[in-house]
Amino acid sequence: MSSFITSMGFDVLFKGTNMIRLLQGLLVALKISLISVVLSIVLGIIIGMLMSLKKPVINVISRIYLEIVRIMPQMVLLFIVYFGATKALGLNVSATAASLIVFTFWGSAEMADLVRGSLISIPVIQYESSYALGMTKLQTYLYVIIPQTVRRLLPLAINLITRMIKTTSLVMMIGIVEVLKVGQQIIEANRKTSPNAAFGIFATIFLLYFLACWPISLLSRYLEKKAA
Amino acid sequence: MDAGAISQYFPLYVEAFFLTIKIGWMGIALSLLIGVVGAFVLHFKVPVLSVIINVYVELFRNTPLLVQLFFIYFGLPKVGLVISADKCGVIGLGLLGGSYMVEAIRSGLSAVPVSQTESALSLGFTKRQIFTNVILPQAVISGIPAVIANVIFLLKETSVFSAISLMDLMFTAKDLIGLYYDTTECLLLLVLFYIVMLLPVSALGSFIEKKIRFGSYGD
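Each protein sequence line maps, in turn, to chains A and B. Following the working numbering, the numbering of the first sequence begins with 1 at its first residue and continues without gaps. Following the working numbering, the numbering of the second sequence begins with 1 at its first residue and continues without gaps.
Extracted from the complex, chain B is given alone in its bound form:
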């Protein structure tokens, strides 16, 4: 173990760390947006759109992110769609994550028993009130654990970005190993930075999950 090498590489990792976080969270924000819109489309059974969403979910849930990124980054420019590596990362992560989020949020919505809607109707709630005051609060609670699991999964998936030469943590480690052959030091830093990035999210996830189970409805 060479402390000099570690202190030399550290700034490079910090830079890569922030890039990874930036792209990761932008991708996750996009995936949440797609997830919410898609889940609502499926929940309200919007014609035509729900077919499109279903096809999209199946396509992206059943293919690896690496393949999706290669298609977006190397394939699409051939038909005239050139996208920079940064944007490609955000779009790829957003599309992959979106397909998972749609499922997570939709299952949260459908987990609310029909009796809840019926009871609210018999109490004279309007359709809109039922959705905002009865269904949504319960759906959020039952959907959140799955959404957090997806967030962790997506942050981990950012390591794939290195394949399209985005200078993320994985790319930096690979690059430095190739240049200086300080394999042990580079891998140690890589692991440390991933721990810093993911352990808080994971811990927060477990914490929220515990809190939320406490406030569950019905049985």
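In isolation and in its complexed conformation, chain A is listed as follows:
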């Protein structure tokens, strides 16, 4: 059994503080995703509500915004903000700030689209009935529209969170030391003593990401079933 662990390169995990370092690396990635998730949800709700107003100017701007996010890979956006802004505008954006800007920019668009989608999926009858019952606009939104919207929105928004966590793995490409980078460092440092570390380390990182995202996915699916 122990020879199996060694030959698969899992032994490095138990050397020194390697496992703790990997977990700390994961924490760096999770922290970035958590901050961008919170910002995206707040901004996304505001933008989504603006989009559901169907004003022509807002429509054009939001269409362009959504299309940019829809077709530009997040990695390209990261490079534009991190390298492009430095060169073209002379701004010195730190890697963390660049990733927060990009993930919030992307997440807000996705969230806004979800908010708009669930707002317009509420039938007009709901508004009309509320007004017919003598409710004010505020009351209509507060007691009729928002509760229904939230129920449709929640599973989709939670699903977006897992997508954002997965996407933050890209930040290693602009030099942030997160779990993948730490993994590479451990593999490099132990190349002589455990040449198969790449298998063990990347399998562990695979599992760590799975453990971070799976519960959230399950929650999303549970809420979706409940809402249906």
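Read the hints as simulated data drawn from the structure, not as lab findings. Where a beta carbon is used, it is the ideal one built from N, C-alpha and C, also for glycine. Be careful, since some hints might not be right.
To be verified - One-sided excerpt, in silico: chain A residues whose CB lies under 8 Å from chain B: (1) Met8; (2) Gly9; (3) Arg70; (4) Ile71; (5) Met72; (6) Ile80; (7) Thr167; (8) Met173; (9) Gly175; (10) Phe199; (11) Tyr209.
Stated by the list, open to error - Okay, derived cross-link-like pairs now, DSSO-like style, lysine-lysine, Cα gap no bigger than 30 Å in a straight line: (12) A:Lys181 <-> B:Lys156; (13) A:Lys55 <-> B:Lys210; (14) B:Lys210 <-> A:Lys54; (15) B:Lys156 <-> A:Lys31; (16) B:Lys22 <-> A:Lys181; (17) A:Lys15 <-> A:Lys192; (18) B:Lys87 <-> A:Lys181; (19) A:Lys181 <-> A:Lys31; (20) A:Lys87 <-> B:Lys156; (21) B:Lys156 <-> B:Lys174.
The hints should help you fit chain B onto chain A, whose structure is shown.
Just chain B now, kept in the frame of chain A:
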């Protein structure tokens, strides 16, 4: 902005563009194959196989492509499975995409109401006829928007290939920036090529979605 630099780099981008498209579409074809097979397995509740498909879908839907590629490209050779970067890209994209496609196609199949099957049965259709003539046409229609969204998502994900030194668009841009420091020009070309690659697919997607909603069944 330096026009000379742009014209100098342009051919390199064209080459990378075709490589990205080639690997992207091969990966997407693989993912569709996995998706169709997996969705059928789940739909018909094939014993043992459906458990395997479920585990696979959960594993690959909940991990980033970058991590999957690192595992396939750097991890698997350590246990004797050496895969070239090209193949690794196709396999990685196919496996990630497959897990999304299974879900998309399966939900398309399960979106067809049971009453459709029951009505067809009462009209004397055989099981096979019901599947090919009643369920499949409706399932395709309700599944297509999700499948197209996945295709766009997967084409975007190809940018991750640069991490395993596949000479795709992203890699070329990164390489040129490192070599010549013409950051603005390189990024501009990068954005342009991604627009050329993805805008038509995105537009086609919106078009098909509109057409298809028009022909929806039931309510």
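Each hint, compared with the structure:
Hint status for methionine 8 of chain A relative to chain B: holds, with the closest Cβ pair at about 7 Å, below 8 Å. Evaluation of the glycine 9 of chain A hint against chain B yields a held restraint, the C-beta minimum of about 6 Å falling below 8 Å. At its closest, the beta carbon of arginine 70 of chain A sits 6 Å from a beta carbon of chain B; the interface hint therefore holds under the 8 Å criterion. With its C-beta approaching chain B no nearer than about 4 Å, isoleucine 71 of chain A sits inside the 8 Å limit, and its interface hint holds.
The beta carbon of methionine 72 of chain A is positioned within 8 Å of a beta carbon in chain B (closest approach about 6 Å), and the interface hint is therefore held. Using the Cβ-Cβ criterion of 8 Å, the hint placing isoleucine 80 of chain A at the interface with chain B is satisfied: the shortest such distance is roughly 6 Å. At a threshold of 8 Å, the smallest CB-CB gap from threonine 167 of chain A to chain B is about 7 Å, leaving the interface hint in force. Because the closest C-beta pair between methionine 173 of chain A and chain B is about 7 Å apart, less than 8 Å, the hint holds.
Using the Cβ-Cβ criterion of 8 Å, the hint placing glycine 175 of chain A at the interface with chain B is not satisfied: the shortest such distance is roughly 12 Å. Nearest Cβ of chain B to the Cβ of phenylalanine 199 of chain A: about 4 Å, under the 8 Å cut. The hint holds. Because the closest C-beta pair between tyrosine 209 of chain A and chain B is about 5 Å apart, less than 8 Å, the hint holds. Annotation: proposed proximity of lysine 181 of chain A to lysine 156 of chain B holds, straight-line Cα distance about 22 Å (limit 30 Å).
A C-alpha spacing of about 21 Å is found between lysine 55 of chain A and lysine 210 of chain B, which places the hinted pair at or below 30 Å, so the restraint holds. With a CA separation close to 19 Å, the supplied pair lysine 210 of chain B and lysine 54 of chain A stays within the 30 Å bound. The suggested pairing of lysine 156 of chain B with lysine 31 of chain A holds, with an alpha-carbon distance near 24 Å, which does not exceed 30 Å. For the proposed pair lysine 22 of chain B and lysine 181 of chain A, the alpha carbon gap of about 29 Å is at most 30 Å, so the pair holds.
The straight-line distance between the Cα atoms of lysine 15 of chain A and lysine 192 of chain A is roughly 14 Å, inside the 30 Å bound, and the hint therefore holds. The straight-line distance between the Cα atoms of lysine 87 of chain B and lysine 181 of chain A is roughly 24 Å, inside the 30 Å bound, and the hint therefore holds. This hinted pair checks out: lysine 181 of chain A and lysine 31 of chain A have alpha carbons roughly 16 Å apart, not beyond 30 Å. At most 30 Å may separate the alpha-carbon atoms for a hinted pair to count; lysine 87 of chain A and lysine 156 of chain B meet this at roughly 25 Å.
The straight-line distance between the Cα atoms of lysine 156 of chain B and lysine 174 of chain B is roughly 16 Å, inside the 30 Å bound, and the hint therefore holds.
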